Amino acid sequence: MSPFLLTINILSATSFLCLVRIVMGPTHFDRLIGLNLMVFNITVIIATLAVQYKRYVYLDVALVYAILGFVSVIAISKYLTGRELHK
Amino acid sequence: MTMIAYFFFGWGLFFMVFGVLGILRFPDLYTRIHPAGKAGTAGVLSIFIGLIIYSGFSALSLRIVLIALFIVITSPVASHAIARGAIESGIEPWKPGKEND
Numbered sequence: 001m002s003p004f005l006l007t008i009n010i011l012s013a014t015s016f017l018c019l020v021r022i023v024m025g026p027t028h029f030d031r032l033i034g035l036n037l038m039v040f041n042i043t044v045i046i047a048t049l050a051v052q053y054k055r056y057v058y059l060d061v062a063l064v065y066a067i068l069g070f071v072s073v074i075a076i077s078k079y080l081t082g083r084e085l086h087k
Numbered sequence: 088m089t090m091i092a093y094f095f096f097g098w099g100l101f102f103m104v105f106g107v108l109g110i111l112r113f114p115d116l117y118t119r120i121h122p123a124g125k126a127g128t129a130g131v132l133s134i135f136i137g138l139i140i141y142s143g144f145s146a147l148s149l150r151i152v153l154i155a156l157f158i159v160i161t162s163p164v165a166s167h168a169i170a171r172g173a174i175e176s177g178i179e180p181w182k183p184g185k186e187n188d
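Sequences listed follow chains Z and H, in order.
Mapping the first sequence onto the numbering used here, position 78 (from 1) lands on 78, and the numbers just tick up by one.
To convert, count from 1 in the second sequence and add 87; that's the numbering used here.
These aren't lab readings, by the way, just hints derived from the structure by calculation.
One or more of the hints may lead you astray.
As the list claims (entries may be wrong) - Distance windows between CB atoms, simulated:
#, chain 1, residue 1, chain 2, residue 2, range
1, H, PHE94, Z, TYR79, 37 to 43 Å
2, Z, LYS78, H, THR89, 42 to 48 Å
3, Z, ARG83, H, PRO163, 20 to 26 Å
4, Z, ARG83, H, PHE157, 26 to 32 Å
5, H, GLU175, Z, VAL57, 40 to 46 Å
6, Z, ARG55, H, PHE105, 26 to 32 Å
7, Z, TYR56, H, GLU175, 40 to 46 Å
8, H, ILE160, Z, ARG83, 24 to 30 Å
9, H, ARG112, Z, TYR53, 31 to 37 Å
10, H, VAL159, Z, LYS78, 18 to 24 Å
Computed from a prediction, not measured in an experiment: that's the story for all the values here.
Glycine included, every Cβ here is placed at the ideal spot set by N, Cα and C.
Chain H with its partners taken away, still in its complex shape (with noise of 0.2 Å):
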């Protein structure tokens, strides 16, 4: 049973290892969200998904179903009140032609 819950912390440290680099490589602010609202949530899904094996089904492996179901639902919440605000401040997105910044 734990080395079912070492492969859920080693793909979830693949999502989280190239969420960052996403973060840190993509060209513009609006593809920067991408990596950071969906392999972020990903990440944290699968580590958590491996702390609920390893640690058997019980009561207190309900509170880390209560912080991965708060997570999933204010990700999107956070990434969209980011592009929002973004879009009405001025900021525009990303052309192939223009430099990388």
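Chain Z extracted, bound-state conformation (with noise of 0.2 Å):
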């Protein structure tokens, strides 16, 4: 197995662990946390991924997945401000 492929592989898996916390978090904040570590374990996957196959049109799709990451981040913790959801 080459490096490349075993950095996928174990992106992928706490990519995946991730998702274990946004599913069972107790407060909505949490899938928060959750959803922005995901996005970056992707954003790696998606880089890495374009540098073994010298594909490097994939390294503006990382760079887009992370920008809309951020925005709905940043939307979603604006949209919970203030409000009572976690109980």
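Hints given; two lone chains; assemble the complex.
This is how it looks when you write it as structure tokens:
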């Protein structure tokens, strides 16, 4: 197994563990933390695939995915601020 | 040169795995922000340094630098927004006597 493939496999496993935190988080903000870290994992997976197969167009996909993840985290946290949804 | 890149891959995977373990194991929201904000950023940066060393210093690796710079800027902003939203909606911090959830 090449180190690129090992990196992609381990990052897939860690993003699945982030999904566990998203499912069983006690509050909505715990789910947001899991979403934030999962976006990081998947950005790294896309960039690693782009460098391994020498398709450098996918680096743009990784950049756009990171931007969308950041904007969605900010939007959801501003939406949930000040609401009593966690009880 | 590729061995140095593989070393950085392993270093970044170390940070990523322990960041996710911290998210799963810490008892509170405010303590879970700590591995998500710092260990996640450190893992992303280490793996991106490895990718830059592997693919050589060219205009294409500048794009990886751009993604890394974006993540360095936006990860503390996202963590701060989550913490501020949590403390304004009335979630109390964890104390050592309380039960884990």
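Hints, one by one, checked against the model:
Restraint check, PHE94 (chain H) to TYR79 (chain Z): a C-beta distance of roughly 42 Å satisfies the suggested window 37 to 43 Å. Look at LYS78 (chain Z) against THR89 (chain H): about 44 Å separates their beta carbons, and that is inside 42 to 48 Å. The beta-carbon spacing between ARG83 (chain Z) and PRO163 (chain H), approximately 24 Å, falls within the hinted interval of 20 to 26 Å. Range check, ARG83 (chain Z) to PHE157 (chain H): about 29 Å between beta-carbon atoms, so the 26 to 32 Å window is met.
Restraint check, GLU175 (chain H) to VAL57 (chain Z): a C-beta distance of roughly 41 Å satisfies the suggested window 40 to 46 Å. Here the CB-CB span from ARG55 (chain Z) to PHE105 (chain H) is close to 30 Å, well matched to the stated 26 to 32 Å. In this structure the supplied range 40 to 46 Å holds for TYR56 (chain Z) paired with GLU175 (chain H), their Cβ-Cβ distance being about 42 Å. One distance hint, 24 to 30 Å for the beta-carbon pair ILE160 (chain H) and ARG83 (chain Z), holds here, with the actual separation near 28 Å.
For ARG112 (chain H) and TYR53 (chain Z), the hinted distance range of 31 to 37 Å is satisfied, since their beta carbons lie about 35 Å from each other. Restraint check, VAL159 (chain H) to LYS78 (chain Z): a C-beta distance of roughly 22 Å satisfies the suggested window 18 to 24 Å.
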